[in-house]
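2 protein chains.
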Amino acid sequence: MFYIIGLGLCDEKDITLRGLEAVKSSSRVYLEAYTSILMIQQDRLEAFYGKPVIIADRDMVETQSDEILKDADKEDVSLLVVGDPFGATTHTDIILRARALGIPTRVIHNASIMNAVGACGLQLYNFGQTVSLVFFTETWKPDSYYDRVKENVQLGMHTLVLLDIKVKEQSEENLARGRKIYEPPRYMSIPTAISQMIETESTRQEKILEPENTLAIGLSRVGGDGLQQKIVAGTLKELLDQPAEQFGEPLHSVVIVGKRLHHLEVEYAEEYAVDRQNWRRVAREVYGCADL
Amino acid sequence: MFYIIGLGLCDEKDITLRGLEAVKSSSRVYLEAYTSILMIQQDRLEAFYGKPVIIADRDMVETQSDEILKDADKEDVSLLVVGDPFGATTHTDIILRARALGIPTRVIHNASIMNAVGACGLQLYNFGQTVSLVFFTETWKPDSYYDRVKENVQLGMHTLVLLDIKVKEQSEENLARGRKIYEPPRYMSIPTAISQMIETESTRQEKILEPENTLAIGLSRVGGDGLQQKIVAGTLKELLDQPAEQFGEPLHSVVIVGKRLHHLEVEYAEEYAVDRQNWRRVAREVYGCADL
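Chains as they are written, first to last, in the UniProt record's numbering: chain V, 1 to 292; chain U, 1 to 292.
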């Protein structure tokens, strides 16, 4: 059996009992380590499972999946994925490949940011499509995400913005010279994300992401024990003005609040507001949220 | 500490290790049993945890939450929720109440249908807002859900349709006479949902849910072991024509496929199609999905 197992969001204890059973029965265990990160390292997982964990990079999962799937028709093999297995397209690919090889497959679900984002107090059914924000460079500032946010904003829906992760990237020079030297991993922070969004707004000027009139919520390490999880709510401008350490360790995500906003959502998230009064004021005056 | 613990989707083994630790440390354990159902019964959970599990109905969670929260500042109390704790509004209420009482709260996330729906092969980031479909009666056929689906359809996004659950409902007569006699639980099935959607389409006639030109996917017991999970894909008409047993046991959900459709999504879901040729044909000809 080929198992794809969601690890949840934080550490080794977020696996489900069903997932742990599958790991224990597997002769090989891979960890997909490029679309997200756990808050812990490989060695802690290995100690916890009592067996080696093979790191599977993008290259391995996308182009050498037959190696991962080898003998999975005769023995159990597990691929561990941070969050839920259906967060990233590549896992659909490997399941399709397993099917083509006649290998039975089982998915073991877990929390992912796609549902755990509810921790900020906004109702999940009021979220529209999810968007991804990539690192801008001097010459490349893709803004198609802005159109997606606009679609959601126009319907009054919230938007979950997933922030870029660069793992095992090569510099242009190393890439050009074919040198397999990789840059240190980079995770987009909430302040970077917000400054990019404000930059796009200043170019597009369609009043979708106005710094002082747009409410947003930054989340980091959702589900993390005690002090690890950070949720910070405010206008884009307020969030931009916060010191970086306010937002905690990566991974970070941002939610753009939509206008179909219920007063309970405002009250719940107020707990996390940089400035509670301004949070309520913008919700009432700009968002038109009644009952506040 | 007051814990709200997601149980995941299927049975006692879908709890996370972190969740199980919290249950073990709790002096009282409640199970919220009206917004969703597990595939197993209370006694099996009690045997597994080695302690009693108190069933908390809507009345208890919504109006007697202080009873649940009693002494949670001095000892551990757990409220178990099927799926993830942030699926239903009521859990926000009880957390707000705990905050007001100065009781520390911890949420332990898990998979919910909101992210596990990815099992059907459609990409989660292409889903728009989620809608709920309630049981129609002779005189009450609310169709505001149709407007929400329309918003998603017009943007090309997929729609997750959550189907009504009636638990601990009273008949009109018993309600009028104040008799606390409850009807047996009812769970809306995929065929009922689809026939209601087709009924709304025939009234509204806005070509949002045309029986032969709308692709949909029915899901039941997502994440369930082996034969329990059922996924069936086809046009609304094809799904309506399937025998009821094809769809498995409750809970059921339906996805309305949006036009921003990638060929990998079509290929993945084809595995579940009632008629693979027609599935591809509609995806290509009606949805305009290239590369098929």
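What the hints contain is simulated information worked out from the structure, not anything from laboratory work. Where hints are given, some of them may not hold.
For chains that are exact copies, the list does not tell them apart, and a pair is met inside one copy or across any two.
As the list claims (entries may be wrong) - Below are the PhoX-like pairs computed for lysine-lysine, each with C-alpha atoms no more than 25 angstroms apart in a straight line:
#, residue 1, residue 2
1, LYS13, LYS24
2, LYS13, LYS230
3, LYS13, LYS51
4, LYS259, LYS150
5, LYS237, LYS168
6, LYS180, LYS259
7, LYS24, LYS70
8, LYS166, LYS141
9, LYS13, LYS70
10, LYS259, LYS24
11, LYS74, LYS237
12, LYS168, LYS74
13, LYS24, LYS207
14, LYS237, LYS24
15, LYS141, LYS74
16, LYS70, LYS237
Note that the coordinates shown come from a computational prediction; the quantities given were computed from them, not determined experimentally.
Verification of the hints:
no., hint, result
1, LYS13 - LYS24, "both (14 angstroms within a copy, 14 angstroms between copies)"
2, LYS13 - LYS230, "within (19 angstroms within a copy, 29 angstroms between copies)"
3, LYS13 - LYS51, "both (16 angstroms within a copy, 21 angstroms between copies)"
4, LYS259 - LYS150, "both (12 angstroms within a copy, 18 angstroms between copies)"
5, LYS237 - LYS168, "neither (32 angstroms within a copy, 48 angstroms between copies)"
6, LYS180 - LYS259, "neither (47 angstroms within a copy, 40 angstroms between copies)"
7, LYS24 - LYS70, "within (18 angstroms within a copy, 39 angstroms between copies)"
8, LYS166 - LYS141, "within (16 angstroms within a copy, 50 angstroms between copies)"
9, LYS13 - LYS70, "neither (28 angstroms within a copy, 28 angstroms between copies)"
10, LYS259 - LYS24, "neither (47 angstroms within a copy, 41 angstroms between copies)"
11, LYS74 - LYS237, "neither (56 angstroms within a copy, 40 angstroms between copies)"
12, LYS168 - LYS74, "neither (33 angstroms within a copy, 47 angstroms between copies)"
13, LYS24 - LYS207, "neither (53 angstroms within a copy, 51 angstroms between copies)"
14, LYS237 - LYS24, "neither (48 angstroms within a copy, 44 angstroms between copies)"
15, LYS141 - LYS74, "neither (48 angstroms within a copy, 52 angstroms between copies)"
16, LYS70 - LYS237, "neither (51 angstroms within a copy, 41 angstroms between copies)"
In the structure shown, a violation is registered for the earlier hints numbered 5, 6, 9, 10, 11, 12, 13, 14, 15 and 16, in ascending order.
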